[in-house]
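Number of protein chains: 2
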Amino acid sequence: MENTFVFTFGSHTDGDKSMKELLGGKGANLAEMCNIGIPVPPGFTITTKACQKTIENGMHWPDSLYEQVIKGVNHIEKDMNLGFGDPNKPLLLSVRSGAAVSMPGMMDTILNLGMNDLVAKALIDQFGNERFVYDSYRRFIDMFGDVVMGVEHSLFEEAMEKLKAEVGASSDLELNAEDLKVLVDRYKAIYRKHTGHMFPSDPMEQLSFAINAVFSSWNSSRAIKYREISHITGLIGTGVNVQAMVYGNIDNNSATGVCFTRNPSNGEKVLYGEYLINAQGEDVVAGIRTPIPISDMKHRMTEVYDELLGYTNTLEAHYKNMQDIEFTVQQGKLFILQTRNGKRTGQAAVAIAVDMVKDGIVTKQESISQLVQPEHIDQLLHPQFATTKMDEFEILGKGLPASPGAAVGMVVFDSKEAEEAKQRGEQVILVRVETSPEDVGGMSAADGILTSRGGMTSHAAVVARGWGKPCVAGCSDIIINDQTQSFTNGDITVHQGDWISIDGTRGLVILGKQDRIPPKLNANYYTFMRWVREYEPMEVRANAETPEDAKVALDLGAQGIGLARTEHMFFGADRIRSIRKMIMSDHEEERAIFLKELLPYQKEDFKDIFRVMAGYPVTIRLLDPPLHEFLPHDENELEAMAIDLQMPIEQLKRKVVALEEHNPMLGHRGCRLGITHPEITKMQTRAILESALELLAEGMETKPEIMVPLVGNVREFKHQKRLILEEAEKVFEQYNARINFQIGTMIEVPRAALTANEIAEEADFFSFGTNDLTQMTLGYSRDDAATFIPSYLDAGILTDDPFQTIDREGVGQLIHMAKELGSITNPNLKMGICGEHGGDPRSIELCHELGLNYVSCSPFRVPVAHLSVAQSAIKQAIEDSALYAC
Amino acid sequence: MENTFVFTFGSHTDGDKSMKELLGGKGANLAEMCNIGIPVPPGFTITTKACQKTIENGMHWPDSLYEQVIKGVNHIEKDMNLGFGDPNKPLLLSVRSGAAVSMPGMMDTILNLGMNDLVAKALIDQFGNERFVYDSYRRFIDMFGDVVMGVEHSLFEEAMEKLKAEVGASSDLELNAEDLKVLVDRYKAIYRKHTGHMFPSDPMEQLSFAINAVFSSWNSSRAIKYREISHITGLIGTGVNVQAMVYGNIDNNSATGVCFTRNPSNGEKVLYGEYLINAQGEDVVAGIRTPIPISDMKHRMTEVYDELLGYTNTLEAHYKNMQDIEFTVQQGKLFILQTRNGKRTGQAAVAIAVDMVKDGIVTKQESISQLVQPEHIDQLLHPQFATTKMDEFEILGKGLPASPGAAVGMVVFDSKEAEEAKQRGEQVILVRVETSPEDVGGMSAADGILTSRGGMTSHAAVVARGWGKPCVAGCSDIIINDQTQSFTNGDITVHQGDWISIDGTRGLVILGKQDRIPPKLNANYYTFMRWVREYEPMEVRANAETPEDAKVALDLGAQGIGLARTEHMFFGADRIRSIRKMIMSDHEEERAIFLKELLPYQKEDFKDIFRVMAGYPVTIRLLDPPLHEFLPHDENELEAMAIDLQMPIEQLKRKVVALEEHNPMLGHRGCRLGITHPEITKMQTRAILESALELLAEGMETKPEIMVPLVGNVREFKHQKRLILEEAEKVFEQYNARINFQIGTMIEVPRAALTANEIAEEADFFSFGTNDLTQMTLGYSRDDAATFIPSYLDAGILTDDPFQTIDREGVGQLIHMAKELGSITNPNLKMGICGEHGGDPRSIELCHELGLNYVSCSPFRVPVAHLSVAQSAIKQAIEDSALYAC
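Residue numbers (my numbering), protein chains in the order written: chain A, 8 to 893; chain B, 8 to 893.
Since the hints were derived computationally from the structure, they do not count as laboratory data. Where hints are given, some of them may not hold.
Where chains are identical, the list cannot tell them apart; a pair therefore holds if satisfied intra-copy or between any two copies.
[Stated by the list, open to error] Listed next, the in silico EDC-like pairs over lysine to aspartate or glutamate satisfying Cα-Cα at most 16 Å (straight line):
#: 1; residue 1: Lys603; residue 2: Glu686
#: 2; residue 1: Lys725; residue 2: Glu235
#: 3; residue 1: Lys558; residue 2: Asp615
#: 4; residue 1: Lys171; residue 2: Glu667
#: 5; residue 1: Lys195; residue 2: Asp153
#: 6; residue 1: Lys725; residue 2: Asp801
#: 7; residue 1: Lys195; residue 2: Asp209
#: 8; residue 1: Lys527; residue 2: Asp385
#: 9; residue 1: Lys423; residue 2: Glu686
#: 10; residue 1: Lys588; residue 2: Glu333
#: 11; residue 1: Lys200; residue 2: Asp153
#: 12; residue 1: Lys405; residue 2: Asp484
#: 13; residue 1: Lys614; residue 2: Asp556
#: 14; residue 1: Lys725; residue 2: Glu765
#: 15; residue 1: Lys371; residue 2: Glu543
Model the full structure from these sequences, guided by the hints.
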């Protein structure tokens with residue numbers, strides 16, 4: 008086995024899907040398909056080991072590799088009943104790279120390898136289609152020259168353009184066989200000029216060169232950099248897949264297409280996709296000819312269609328997932344070229360997950376861990392346009408409902424523009440004739456995507472669905488004019504910067520900025536989420552400070568409020584006045600009087616939330632931001648405030664200046680405020696407990712948790728805890744009643760994590776404030792880091808934005824330390840996180856690994872968090888049982 | 008022993024100085040003095056154990072304590088040949104608290120205990136001084152009432168004032184014996200009214216009450232809070248010292264005084280101090296009568312003086328330190344009341360240390376670890392006024408040279424004012440008639456202190472000497488007028504805010520702001536520092552970026568530059584222009600051109616420093632601050648810059664706005680700049696290496712260390728290291744020569760400490776930037792924390808300002824982690840600190856404990872750091888040998 012470098016697939020298959028490391032992902036998958044009887048064009052895979060040895064030997068193949076490749080070619084010849092370089096029935100091959108993990112920078116596909124003048128002639132004899140043969144020939148020289156020998160692709164393009172001009176052709180399709188024959192000669196001349204060699208006519212020489220090119224691409228600087236950035240280690244090289252060519256463009260009994268085993272928009276169980284008769288695979292994707300719905304095939308190629316349906320069912324059942332399949336029909340014979348898990352919308356994902364469990368294809372556990380991603384659930388919670396308003400809409404055009412959901416934004420025609428607009432905080436709809444991989448940045452930045460050309464499997468459609476971003480594709484009702492930066496439906500013209508709305512669920516393009524309504528969740532969603540909620544190693548709470556948000560969160564499955572920020576409650580017109588008077592006073596007693604004015608408001612705030620969350624815990628954070636946030640900074644507002652408070656403006660200005668901070672993030676805020684202004688802590692404690700007691704009198708139970716922010720030293724916490732307990736005793740005495748409540752703290756200052764054992768002795772709970780903890784541990788100001796984080800991501804210094812996904816090594820380590828230290832001194836300590844990361848799947852997985860008790864996130868992320876929690880639990884259970892099995 | 012609660016001292020002494028825990032500091036010390044034959048008034052100490060048991064038993068004395076106290080009293084009676092409550096030869100006692108560690112909140116002294124009407128009569132018979140006796144009596148009732156029974160002292164004061172008004176006395180001294188007798192009766196009435204009891208006339212009852220009051224004071228809220236704040240744990244209670252009263256105010260053969268065994272200003276070996284004939288101890292300190300120099304005693308009380316001289320020599324030799332001694336002479340008999348190590352100036356400390364080694368009293372090691380504190384060395388480096396200029400000075404007055412050194416500042420008359428001025432960054436001289444403990448804050452804030460009353464042992468003098476702050480005391484040439492906030496010498500009037508200069512070395516008050524010159528170091532200093540440098544477990548480097556500073560540092564013993572900040576080098580007129588042009592450019596190539604303009608300057612900077620530090624390592628930090636620091640923010644300057652750079656002002660303004668940051672501390676700075684602007688790193692690397700190579704060509708060796716700031720992720724460091732190495736290769740090729748240099752990093756972001764193992768694999772050295780590490784670990788902005796740090800210190804949340812002394816638990820823990828992790832992957836890693844803490848003795852001790860290789864501090868702190876290093880080494884050696892002995 009040590010020296011087995013070639014694994015065949017087809018009539019005889021050596022590998023299977025478990026052998027990814029040795030055969031690469033693609034090789035293992037081709038073998039697997041053969042094993043389950045799928046008609047894959049036969050071929051062989053050269054192992055990653057062979058790649059490694061070749062590179063180690065200075066690009067000399069290991070002993071016997073050449074012989075094994077010959078045997079592999081013989082295997083294909085036998086299966087296809089053709090001969091490689093045979094001047095009668097010639098076999099052509101494709102060569103592709105394929106490592107265990109797919110990565111950019113690896114060698115692209117080479118098609119039609121084995122072609123030479125004799126072979127071309129034989130193919131013409133065989134298929135009677137001269138144009139097809141010379142078109143294949145010139146494509147082969149272009150690809151081989153470009154990919155294997157480094158001859159610039161643009162040189163070939165220029166030659167093509169020149170020829171088109173000479174013969175007066177406006178498109179490639181207008182070039183006839185004779186033209187293409189001329190082109191083949193010119194391509195060979197270009198090849199010779201730029202390589203110094205004749206174009207190799209020996210098929211085996213072509214194959215050796217191509218295999219070496221794949222090997223070499225493993226160490227291309229782009230591939231190395233990608234592995235570095237993505238921390239891919241332990242891989243030894245890439246596999247090489249050599250496979251028989253099949254042709255969908257020989258005649259009208261040939262075809263090529265792509266299909267999904269289910270509808271990727273809504274999950275309906277129906278073969279879904281497009282095909283083109285007498286066409287090559289790239290024609291379907293390129294969008295030059297408009298493809299036909301796959302359902303049409305049922306009538307035109309009934310037998311093949313039924314055969315295809317059978318295989319797609321097999322593949323879906325085998326891979327236990329909805330499949331995205333590429334196929335080619337060569338003169339009535341069906342070949343499956345590739346299968347992979349299909350991208351789908353959130354609605355489809357949930358429907359498929361539920362159906363596949365009902366159909367017995369997957370277990371509930373598998374459906375949760377493999378069929379629905381957190382982003383899918385997120386999509387379902389996206390808003391829609393109100394159907395009742397449809398009549399009032401000015402419809403600009405109708406296209407394909409390529410990715411569901413409602414988006415509104417200002418029109419931009421350029422991806423770069425879209426990215427810049429996003430940076431400025433603007434909402435945009437990217438409008439393009441078609442999109443290409445170069446548009447990915449702009450598509451990501453846009454709120455929605457509209458194209459005037461392309462089908463349901465066009466680039467725009469596939470990418471948008473993957474992201475759950477609304478997309479209307481192929482809207483031929485509109486004409487885009489890049490010159491004037493506008494589009495028109497012949498009636499109305501929309502310019503860059505104008506607002507439009509797109510309905511990706513219905514394929515509508517609507518004039519203006521339309522209102523959207525919250526999504527309606529369907530039965531599949533509730534079924535699926537019920538299964539998800541069977542896995543609950545961690546609670547999911549919500550960050551909310553209004554009864555409205557709390558209600559949304561509760562409805563979406565929140566098991567409490569993990570963070571109610573009290574500062575937002577002070578910005579109402581009546582309230583801000585009292586807080587400003589409080590700030591302007593230099594005497595604790597006077598400040599207490601102004602704070603007393605706020606007490607009734609604050610009590611009502613808390614009562615409202617307690618009422619909504621009846622029975623669930625509500626964590627209320629004491630005032631956190633620096634006081635200057637409550638003062639105006641603009642001259643007019645200052646004047647208004649001076650009049651309102653009846654104070655000289657100079658006095659106000661002095662205070663504003665006195666409160667200014669160089670680094671407010673690290674300034675006089677959090678418990679530092681509560682310590683220098685104990686009256687604030689007292690008032691808020693009173694408001695929390697009075698409202699809880701008054702509700703108790705109404706017969707309603709509450710679970711208040713008072714949270715002290717920005718603690719870095721146990722003595723800060725003790726100070727605040729003593730204040731809270733003293734005030735509580737006063738309130739209890741006054742009301743002649745008591746309630747249970749908890750006092751805990753945010754862990755958001757690195758020092759708090761480092762001394763968590765001390766703090767835990769005093770605290771009932773820790774809530775990791777991962778936003779601030781990230782800012783301080785990494786020394787990144789969240790408001791300023793945009794100036795360098797993109798460069799860091801580009802350079803591979805960061806793999807993720809640490810404000811989106813918890814930095815495992817740094818911040819994660821501190822959380823781990825705090826958890827371990829805290830548990831030692833307080834085994835009953837409750838721990839959770841309440842930063843933005845609480846809704847991020849990978850961060851949730853980390854929290855689960857670390858054994859936290861809950862995550863808290865924004866209301867609309869609650870279901871996403873539930874799914875992430877369930878997936879983390881399942882993943883761990885699988886790992887544990889694997890460990891147990893060892 | 009378990010039940011021995013009373014230890015006597017005097018003719019029979021049970022304890023010694025090792026028994027602090029059981030007897031308290033004061034008790035152990037009194038016993039020790041007795042052991043070496045010092046005439047201490049006899050007495051006994053009740054143990055801390057007795058205190059603990061009494062408190063545990065709900066204030067019931069343990070069995071046998073009463074009997075032991077009686078025995079103790081008998082011991083005193085025997086030694087003094089007097090009887091407690093004896094109506095013929097009565098014994099009076101003093102009662103004092105005394106725990107192992109002195110702390111505020113403990114019970115004050117009670118004097119004259121044992122007094123009653125019969126005893127008073129006997130004392131009058133004995134001493135023939137009726138006024139003395141009734142004065143003692145009324146003082147006793149006041150103290151007992153106040154301290155033991157909680158009767159407000161002000162009530163007694165009011166009675167005194169009333170009586171004075173009645174008899175027309177303007178001062179206490181004018182009250183005669185008859186008046187005081189009346190006062191005793193009135194005091195008793197006050198006592199009765201406010202306690203509900205008769206004043207106890209039974210001496211044993213008085214004693215029991217007083218002892219209980221001491222016990223109770225152990226748990227006074229003030230004492231508890233102090234122990235909490237100071238983290239004093241493990242103490243079980245306070246001792247009680249009961250001692251025979253002796254009187255310095257009986258007749259003219261009686262006296263009381265304080266003396267130092269050497270001159271505390273310059274260290275000269277001569278008995279130094281003051282005394283008062285026919286006076287009580289408090290009269291000397293209170294400053295009501297002006298004391299006489301102790302040398303006068305030699306003539307007036309020759310025998311007693313000689314006796315005193317003998318005892319002071321014994322005490323100094325025994326305690327191996329200069330002593331501050333209190334004594335009383337009762338009718339020709341000398342008693343030593345207290346001895347302790349004397350406070351002294353820096354000059355005196357070093358002189359004493361050197362002399363005591365030469366005299367064989369202490370070893371070099373003892374002189375380093377016990378006789379000189381880091382602050383003493385710091386004082387020696389303080390500037391002085393030029394003696395050559397003395398003739399030109401306008402001298403306002405002459406006072407006592409209470410604490411040497413030269414200070415200049417604006418006059419303030421109020422301590423609070425001094426503190427506020429300091430906050431505003433102003434230099435002030437605090438001018439007071441006298442100072443009291445309430446002035447300590449203002450004295451600390453002031454640059455110098457001037458008093459118009461009080462001697463060399465007045466409060467102002469003692470405190471100022473302790474701090475090494477210049478002080479002129481008792482300058483009776485000036486009259487202070489608090490009303491008009493001014494002082495005058497009758498000729499010139501100086502108002503609040505006017506500048507004066509004071510020369511604490513000569514006792515001069517000088518008009519105006521005079522120039523000061525750097526200190527001249529004397530032979531004692533060099534001798535002492537030579538001994539200090541024999542202990543060098545850690546290098547001491549300096550933070551310096553000019554050749555002048557580097558020269559100072561080198562002369563003061565720096566063993567290299569630990570931090571040369573390159574940003575300061577760019578603010579010269581020619582340089583700032585280039586750097587601004589660089590900032591204004593959006594293209595890397597263009598920026599590189601502007602940076603090239605800076606190269607020659609930067610090279611000269613480095614050459615100058617390398618030349619000064621020849622042979623020693625020089626750590627150069629790459630550009631650290633955010634770019635906006637190099638741009639003007641004020642409208643006029645912006646306009647000037649626009650003209651200078653020939654750019655539209657709007658463009659400049661846009662850039663200024665674009666570079667603004669919310670939290671610049673956590674912003675786009677440090678290596679983040681070097682990564683987004685690689686050309687900066689390249690230029691600086693080139694400047695460092697070209698200058699080193701050019702010096703090499705001149706035959707001079709250099710040891711450059713390039714330091715990358717603000718690394719938080721090993722990939723940042725790798726990125727910069729690669730740039731530096733690439734540029735280095737280019738430079739070496741160009742110069743056709745190579746040099747060795749190191750590349751290391753600051754550890755100042757918490758994440759760097761947490762991932763130090765990774766970073767250490769790549770780095771040659773770590774330099775802990777404890778300023779920033781403190782900011783981020785604690786979440787304190789250094790520029791803003793003044794708003795809450797004082798409150799934190801007051802409330803005992805912080806025991807030290809973490810920007811002065813490293814926060815051991817948080818920041819210290821991270822340094823420890825980084826050291827351990829770094830050593831695992833790179834055993835050769837060199838580690839040091841270069842924050843402000845590098846000159847702080849306690850922080851240096853921590854660095855030594857953690858095993859760092861060097862500290863780096865500002866040039867004038869270098870000798871201080873050397874001493875701290877030596878003291879840490881000695882401390883550890885002693886601890887190690889103690890451990891070894893076990």
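Review point. Between the shortest in-copy and the shortest cross-copy C-alpha distance, which are at most 16 Å for Lys603 and Glu686: within, between, both, or neither?
Key: Cα proximity of Lys603 and Glu686: one copy only (9 Å, versus 58 Å across).
Point to revise | Alpha-carbon proximity between Lys423 and Glu686, which holds within one copy, between copies, both or neither at 16 Å | key: neither (51 Å within a copy, 25 Å between copies)
Practice item. If the cutoff is 16 Å on CA atoms, where do Lys195 and Asp153 land: within, between, both or neither? Let me know, please. Key: within (12 Å within a copy, 114 Å between copies)
**Study point:** Intra- versus inter-copy proximity for Asp556 and Lys614 (alpha-carbon distance at most 16 Å)
**Key:** within (14 Å within a copy, 64 Å between copies)
Review point. Should Lys527 paired with Asp385 be assigned to within, between, both, or neither, using CA atoms and 16 Å as the limit?
Key: Cα proximity of Lys527 and Asp385: one copy only (13 Å, versus 74 Å across).
Practice item. Go through the copies and call it for Lys171 and Glu667: within, between, both or neither, with a Cα cutoff of 16 Å. Key: Classified as neither: same-chain Cα gap 69 Å, cross-chain 55 Å, threshold 16 Å.
Check your understanding: Between the shortest in-copy and the shortest cross-copy C-alpha distance, which are at most 16 Å for Lys371 and Glu543: within, between, both, or neither?
Key -> within (15 Å within a copy, 69 Å between copies)
Practice item. Go through the copies and call it for Lys725 and Glu235: within, between, both or neither, with a Cα cutoff of 16 Å. Key: The answer is between: 12 Å across copies meets 16 Å, while 47 Å in one copy does not.
Review point. Is the C-alpha distance from Lys725 to Glu765 at most 16 Å within one copy, between copies, in both cases, or in neither?
Key: within (10 Å within a copy, 37 Å between copies)
Review point. Should Lys405 paired with Asp484 be assigned to within, between, both, or neither, using CA atoms and 16 Å as the limit?
Key: This pair counts as within: shortest intra-copy Cα distance 7 Å, inter-copy 100 Å.
Review point. How would you label the pair Lys200, Asp153 (within, between, both, or neither) given a Cα cut-off of 16 Å?
Key: Classified as within; 13 Å inside a copy, 111 Å across copies.
Point to revise | Status of Asp615 relative to Lys558 across identical chains (alpha carbons, at most 16 Å) | key: Intra 10 Å, inter 69 Å, cutoff 16 Å: intra-copy only.
When the structure is compared with the earlier hints, violations turn up for hints 4, 9, 10 and for no others.
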